[in-house]
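Asker: Turn these sequences into a full structure, and let the hints guide you.
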Amino acid sequence: MFVVIYEPETDVVLYSRRMGPNERMDERVFADMIANRYGQKIAEPDGYIPNCSGDIRVEFRPSKNNSVHIWGGQSFYFKDLEEPCA
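In terms of my numbering, the sequence shown opens at residue -19 and continues consecutively.
Any given hint could be a false lead.
To be verified - Straight-line Cα separation of at most 30 angstroms, BS3-like style, residue types lysine-lysine; simulated pairs:
| # | residue 1 | residue 2 |
| --- | --- | --- |
| 1 | K59 | K44 |
| 2 | K44 | K21 |
| 3 | K21 | K59 |
Hint data in this document are derived by calculation from the structure and do not stem from the laboratory.
Answerer: What follows is the structure, encoded as structure tokens:
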């Protein structure tokens, strides 16, 4: 199984590797890793995020280059670092 993380808007792959035999398929762990790499945080979802939208998409695939056969996946938004005006 492979983990593939990409930007849905551009299809740019940010991270891809074969998973270890006992490694958990936890989308949030991988999303947090990428967010940290870019100095970001993942926004807590406040509703449904449409499939393949958001800032990043984490997918688990039997082969890394086959985007048709996906075991599971989840999209995430980066947390807005700007505080809303009061």
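Asker: All the hints need checking, so say for each whether the structure fits it.
Answerer: Verification of the supplied hints:
1. Restraint check for K59 and K44: satisfied, since their Cα atoms lie roughly 28 angstroms apart, inside the 30 angstroms limit.
2. Proximity of K44 to K21 is assessed by CA-CA distance (about 25 angstroms); at most 30 angstroms being required, the pair is judged to hold.
3. For the hint pairing K21 with K59, the CA-to-CA distance comes to about 5 angstroms; that is within 30 angstroms, so the pair holds.
Checked against the numbered hints above, the structure breaks none of them.
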